[in-house]
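Protein chains: 4
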Amino acid sequence: MAYDFKAIRHVEFSETDMAGLMHFSNYFRYMETVEQSFLRSLGLSVFRSGDPPVSWPRVHAECDYKLPLFFGDEVEIHLLVAEKKPKALTFVFKFRKLNASPPVQVARGALTAVCVKHNSDGGMAACSMPKLALEKIQTAPLELLR
Amino acid sequence: MAYDFKAIRHVEFSETDMAGLMHFSNYFRYMETVEQSFLRSLGLSVFRSGDPPVSWPRVHAECDYKLPLFFGDEVEIHLLVAEKKPKALTFVFKFRKLNASPPVQVARGALTAVCVKHNSDGGMAACSMPKLALEKIQTAPLELLR
Amino acid sequence: MAYDFKAIRHVEFSETDMAGLMHFSNYFRYMETVEQSFLRSLGLSVFRSGDPPVSWPRVHAECDYKLPLFFGDEVEIHLLVAEKKPKALTFVFKFRKLNASPPVQVARGALTAVCVKHNSDGGMAACSMPKLALEKIQTAPLELLR
Amino acid sequence: MAYDFKAIRHVEFSETDMAGLMHFSNYFRYMETVEQSFLRSLGLSVFRSGDPPVSWPRVHAECDYKLPLFFGDEVEIHLLVAEKKPKALTFVFKFRKLNASPPVQVARGALTAVCVKHNSDGGMAACSMPKLALEKIQTAPLELLR
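Chains as they are written, first to last, in the numbering used here: chain C, 1 to 146; chain H, 1 to 146; chain Y, 1 to 146; chain A, 1 to 146.
Please note that the accuracy of each hint is not assured.
Same chains, same names: a pair is fine if it fits in one copy or spans any two.
In silico DSSO-like links for lysine-lysine, alpha-carbon gap of 27 Å or less [claimed, not checked]:
1. Lys-131 x Lys-66
2. Lys-6 x Lys-97
3. Lys-6 x Lys-85
4. Lys-97 x Lys-136
5. Lys-94 x Lys-66
6. Lys-117 x Lys-97
7. Lys-131 x Lys-84
8. Lys-97 x Lys-85
9. Lys-131 x Lys-97
10. Lys-66 x Lys-85
11. Lys-131 x Lys-6
12. Lys-117 x Lys-84
13. Lys-131 x Lys-85
14. Lys-66 x Lys-97
15. Lys-66 x Lys-117
16. Lys-117 x Lys-131
17. Lys-94 x Lys-6
18. Lys-6 x Lys-66
19. Lys-87 x Lys-66
Note that these hints are calculated values from the structure, not bench results.
Input sequences plus hints: build the corresponding full structure.
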């Protein structure tokens, strides 16, 4: 059973804005990267995987920014499974700046993804998540989610 | 007194992802565009404007996605001032797909921006918003915020 | 017959980088936007349009940067058809900053797109462009391409 | 003396477009990432480093696309110093898809960056590159640049 995943990124020049900070929209791209790595580590994928194929579009995204991130900063993004419903998963993400002494949490985000199947007309409909996901993914301990 | 602003965008090819939809992170860029246009319409700016200069970094961002947006879709983004504190503004954004019959709300987002001054050491500190902002910006009527 | 198209954009905050300028990669997104508007104005599309459906992936992209662009700048992007081959189109793009006195060319770019059909295995193969494109698109006069 | 640098990236979901491929503009972000890592490995930086501080804005960027890249692909980007002038560096980038058998070159790009100093009025002016760059960077052997 899995309930968390960590990845590390370095803030790139193209991710900064004229204020000199990482642009706030890029935190969502960071979350997605870790979300996908987590799913891949379980043999799943965010888009059209399995038989029948399912995808995981997001229905909610949010982020609280506490301290800025700068070009070159080394950031650990820690995904935690916050909620598991039959058709949806909510992930919490803790952003820690590692090149600070001591390392410090700079942001906290969340994504909710719904499992969908693809209809023949191109539409999508929510469906129960695959057995593999049901069996392998569990909610993280409460003390980690704080 | 101003409490809302509308802008229209067309979803660009580079804003889609392999699922064929507008990538969820781009809704935050859309929100920012309207936020800036709103501030500019009042003679303000999101970055280092006024004397002494202040900026408006975001401390919170969120979005709920109801229906997908596709390449070429015409989207109206309606900004509404949801909360006005001495040092912070919260905006709500309603996304409407105009090329639907009838037009339909596809997403709803929010940004909270804090007014900061820039210290000589490069740091930032929250401060009261400029008189111009205090005088010109008010909260939108409740019925519009629903 | 059509050989050019113009569009206007304003540089957005999220398109700047910590150097305070529009990031160089975003000029390519601007080119694409105008390219697509040009094709759309002729009843074509960059992706899977027509019967049988064809797409227009790029095989070459380039840009020369002469003067920087800043947040809020008003930019005219002028697309010109520089070369028309049976299976490929090369577009030249002139970037003009309109909020300068007088307006000034700040960059010049180019894209080459190849017409492809989609094979049943998901692959793509170059093919002759649709009759509509052949008939409607012509090369711009040489004096405009300088 | 240094004349090359390699980095590896995995194509992210947010870097794809509705055609299912990595969007062509993102190759330029990949080039930049490797360019910066190369400079950093020499104790330099792309923005305001040294005394007096210099930056390296791009004056030219280009890319030839031979084969597409897909979500999850493992890509090696190989930077080579193609030209060294007193005030400018031209880098060539070879993109290799590593998860192909055998690995295959999928694209080839180039960036030209000019060394500039910052004037007190906010403007930039080309200048000779720092002694450190002059001493440490050399042109790659011709056979590698082919």
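**Report entry** Structure versus earlier hints, numbers of those that do not hold, lowest first
**Finding:** Violated hints (numbers, rising): 4, 8 and 9; every other hint is consistent with the structure.
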